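Work out the full structure, taking the sequences as your base and the hints as a guide.
Those protein sequence lines, which keep their order, are chains A and B. By our numbering, the letter at position 90 of the first sequence is numbered 90, and the numbering carries on one by one without gaps. By our numbering, the letter at position 20 of the second sequence is numbered 114, and the numbering carries on one by one without gaps.
Hints were generated in silico from the structure; no laboratory data involved. Incorrect hints may have been included.
Okay, derived cross-link-like pairs now, DSS-like style, lysine-lysine, Cα gap no bigger than 25 Å in a straight line [said to hold, decoys possible]:
1) K14/A x K97/B
2) K339/B x K14/A
3) K60/A x K82/A
4) K325/B x K14/A
5) K316/B x K5/A
6) K2/A x K316/B
7) K2/A x K14/A
8) K20/A x K298/B
9) K20/A x K70/A
Since the structure is predicted, the reported quantities are computational estimates derived from the model, not experimental observations.
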Amino acid sequence: MKTWKDLPLGGIIKDVGNTKDYITGTWRTERPVFLEDNCTQCFMCCMVCPDSAVIIKDEKVIGFNYNHCKGCGICAVECISKPKAIEMEKEEQF
Amino acid sequence: MGKRVVMTGNETVAEAVRQINPDVIAAYPITPSTAVVEYISQYIADGLIDTEFVTAESEHSALSACIGAAVGGGRVVNATSGQGLALMWEMLYIASAMRLPIILAVINRALSGPINIHGDHSDTMGARDCGWIQLYSEDCQEVYDNILQAVRISEHIDVRIPVIVALDGFITSHAIETLETEGDEDVRRFIGDYIPLNSILDIKNIVTYGAIDFQDYYFEHKRHQLEGLHKSAEVIKSVGKEFGKTFGREYGFFEGYRLDDAEYAIVVMNSAGGTVKTVIDDLRDKGRKVGLLKLRIFRPFPAIGIAEALKTKKVVAVLDRTSSAGAQGGPLFNEIRSALYNEPTRPKAVNYIYGLGGKDLTAEHIRGVYEALERIDKSRKIDRLVDYLNLRE
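Structure below.
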């Protein structure tokens with residue numbers, strides 16, 4: 001961690017986009033668990049996630065970025081698959 | 095070469111702004127500062143300056159627009175009063191935390207309620223902890239000189255802090271006085287070209303302003319911000335000296351008027367300084383050892399210099415043109431008394447609240463204060479630590 005003397009003027013950020021290095025996943029009390037077999041690949045979870053924490057690879061949802069997912073659970077509520085492809089589970093289980 | 099001119103305080107502000115020719119001014123006019131932006135909009139319409147004039151829907155928006163222009167690398171000026179400054183409050187802190195050199199002329203006006211448009215210092219005193227430098231001006235000459243110096247102070251690389259230049263509503267803003275203004279080229283040479291720093295419009299060096307800070311960096315950033323304010327003291331001093339060399343009127347943190355050998359001193363800011371000087375000349379003719387410390391810089395507060403100037407006095411009266419509800423007197427009083435506290439010898443100090451909502455402060459009131467100071471010295475007793483001048487009781 002930098003001391004106050006090492007900071008840039010006005011608290012500006014020079015390496016823009018460094019939010020990805022700022023880990024907020026530790027705030028989570030519940031985490032979304034991805035059940036791939038139930039997923040219809042509708043991308044609803046991706047659209048509603050406020051933290052861009054849904055990982056998409058080769059045009060398919062493959063899981064969640066737990067470094068930035070804060071566990072809000074919107075994805076699990078909005079998931080249209082039946083049965084649901086996202087379930088919220090208590091963080092202490094992991 | 096300078097020339098003698100006749101102007102109101104508001105016109106003086108506008109004249110200085112015309113010579114600065116800033117990139118942006120964002121206006122939401124409010125009494126008694128209205129004429130400032132009226133003059134400036136006329137200058138723009140007449141093609142005298144090429145400043146971008148942004149009309150905003152509130153003072154909050156006006157300062158927000160100034161902040162936006164400043165992060166975009168512009169030289170920015172604005173003017174407001176009383177309620178307008180109060181509405182800017184949230185953005186004042188953001189401008190200083192982002193270290194943006196903005197110049198804000200505040201034509202001092204009482205805060206509502208009751209509603210009032212006349213001059214007192216409750217507006218700028220309310221903004222005293224928002225991280226801006228505050229310069230106070232006794233008359234039109236000081237208004238003009240302070241605004242030009244504010245540009246240099248604010249934009250200095252060690253400072254990069256916004257500056258409020260304060261003058262008394264109506265008393266200074268609407269009264270016509272003679273002053274000396276300097277030539278356009280001389281002023282431009284003195285203030286220099288603006289060198290933007292970390293502009294968000296510099297797409298080769300992209301930066302983010304205003305990102306969130308939590309327990310990890312907020313405290314460190316606030317400390318870093320303070321450093322600019324601390325370092326501004328030296329810059330204020332050197333710019334004041336250079337101004338003196340260039341234009342013949344030198345400035346420091348405060349003006350001592352017949353203060354060196356005075357036993358009884360009054361401390362004031364802004365236009366009341368002139369009234370006190372008149373009384374001092376009169377009392378000095380009668381052999382009384384009275385003096386004035388007229389403070390020019392309230393933030394950063396020049397505590398050491400003030401303690402040095404006042405520690406040998408017998409009794410000091412600090413006159414506050416604001417009421418700091420529930421405090422032990424006004425903010426100027428608290429700062430002055432605190433500056434003296436660790437001195438081995440120090441004067442007794444009392445506080446007078448005066449001039450709220452534009453109430454007159456006459457020579458008679460000042461004479462009464464000096465008489466009270468002599469009484470306190472003789473009796474070694476302070477009956478009222480905080481008293482009121484020209485209040486019907």
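Checked hints:
1. K14/A x K97/B: Outside the cut-off at roughly 47 Å; violated.
2. K339/B x K14/A: The given pair, whose Cα atoms are some 39 Å apart, is violated under the 25 Å limit.
3. K60/A x K82/A: It holds: about 18 Å lies between the C-alpha atoms, which stays within 25 Å.
4. K325/B x K14/A: With a Cα-Cα distance of about 24 Å, the restraint between K325/B and K14/A holds, given a limit of 25 Å.
5. K316/B x K5/A: At roughly 11 Å apart (the allowed maximum being 25 Å), K5/A and K316/B satisfy the hint.
6. K2/A x K316/B: 14 Å, holds
7. K2/A x K14/A: 14 Å, holds
8. K20/A x K298/B: 21 Å, holds
9. K20/A x K70/A: Distance ~13 Å between K20/A and K70/A Cα, so the pair holds.
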